[in-house]
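**Q** Sequence:
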Amino acid sequence: MTSLCISTNYLLIGIPNVKIMDLLVFVSGYTMGSLIGAAVGVLTWLVYGTINPYGFNLPTLIATSTGESIYGIVGGISMKLGLRVGSNSPRIGGEFLTSGLKLGILGFLLTFTYDLLTNVVTALVFGGSLILWIIQGIPFTVTHEVSNFLFFFISGGPLIRIVRGLTSIESEEVKSHQ
94 MTSLCISTNY LLIGIPNVKI MDLLVFVSGY TMGSLIGAAV GVLTWLVYGT INPYGFNLPT
154 LIATSTGESI YGIVGGISMK LGLRVGSNSP RIGGEFLTSG LKLGILGFLL TFTYDLLTNV
214 VTALVFGGSL ILWIIQGIPF TVTHEVSNFL FFFISGGPLI RIVRGLTSIE SEEVKSHQ
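Residue numbering for the sequence shown follows the working numbering, beginning at 94 and increasing consecutively.
Hints were generated in silico from the structure; no laboratory data involved. Don't take every hint at face value.
Stated by the list, open to error - Okay, the calculated beta carbon distance ranges per label pair:
hint, residue 1, residue 2, range
1, L202, G258, 24 to 32 Å
2, S222, L190, 17 to 25 Å
3, L174, F233, 24 to 32 Å
4, L225, E188, 43 to 51 Å
5, V235, L128, 25 to 33 Å
6, G221, L243, 25 to 33 Å
7, Y147, G221, 12 to 20 Å
Stated by the list, open to error - Distance condition first, Cα-Cα at most 20 Å in a straight line; then the derived SDA-like pairs of lysine to any residue:
hint, residue 1, residue 2
8, K173, I129
9, K195, L176
10, K173, L202
11, K173, L128
12, K195, R177
13, K173, A132
14, K195, G175
15, K173, L194
16, K195, R254
17, K195, V256
18, K173, I113
19, K195, I170
20, K195, F242
21, K195, A132
22, K195, I166
23, K195, L243
24, K195, I247
25, K173, V256
26, K173, P251
27, K173, K195
28, K173, N145
29, K195, V213
30, K195, S248
Don't be surprised by glycine CBs; every beta carbon is placed ideally from N, CA and C.
Sequences and hints are given; from them, build the entire structure.
**A** Have a look at this one:
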């Protein structure tokens, strides 16, 4: 999953703040547990944040790695708390829309948290007013949060089911939530 996250980041590098990585890290946590999900988030940023055409900054790398791990941790917690991801039916219906909406809102809130954390660290590292950094970041933040809402809403449930089918770490608890 880490290599898939890194690959999709480079694939979408020309579109600022639109990244499938956040969903993939969440799915890693949901399907393989919070620890693995967090590890995927941190490892992704250790590679992508170090070998990045936008440059390297250690405090920012620490913030992005920490923020990204939250997606994986919450993914694992969501599975443990019984967040349903819809049936295995490929039909788009009420269950798909309901679970998609829950995942979309969760993705939006996680992204809001991530963006707030990284904006605070950016203000501390580069100086200036936190409010100014947040205001200047609004176009990027809105793009990030809306795109993640859509990724989580449309692809979250199907991707979780696909990854479950590919992993051998599927426990009885996971099976009971299908």
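**Q** Now look at each hint and say whether the structure bears it out.
**A** Right, here's what the structure says about each hint:
no. : hint                    : in the structure
1   : L202 - G258: 24 to 32 Å : 27 Å, holds
2   : S222 - L190: 17 to 25 Å : 41 Å, violated
3   : L174 - F233: 24 to 32 Å : 31 Å, holds
4   : L225 - E188: 43 to 51 Å : 44 Å, holds
5   : V235 - L128: 25 to 33 Å : 32 Å, holds
6   : G221 - L243: 25 to 33 Å : 31 Å, holds
7   : Y147 - G221: 12 to 20 Å : 19 Å, holds
8   : K173 - I129             : 14 Å, holds
9   : K195 - L176             : 8 Å, holds
10  : K173 - L202             : 19 Å, holds
11  : K173 - L128             : 13 Å, holds
12  : K195 - R177             : 9 Å, holds
13  : K173 - A132             : 18 Å, holds
14  : K195 - G175             : 12 Å, holds
15  : K173 - L194             : 19 Å, holds
16  : K195 - R254             : 16 Å, holds
17  : K195 - V256             : 19 Å, holds
18  : K173 - I113             : 23 Å, violated
19  : K195 - I170             : 14 Å, holds
20  : K195 - F242             : 10 Å, holds
21  : K195 - A132             : 24 Å, violated
22  : K195 - I166             : 17 Å, holds
23  : K195 - L243             : 11 Å, holds
24  : K195 - I247             : 11 Å, holds
25  : K173 - V256             : 17 Å, holds
26  : K173 - P251             : 18 Å, holds
27  : K173 - K195             : 15 Å, holds
28  : K173 - N145             : 35 Å, violated
29  : K195 - V213             : 27 Å, violated
30  : K195 - S248             : 12 Å, holds
Consistency note: the structure conflicts with the earlier hints numbered 2, 18, 21, 28 and 29.
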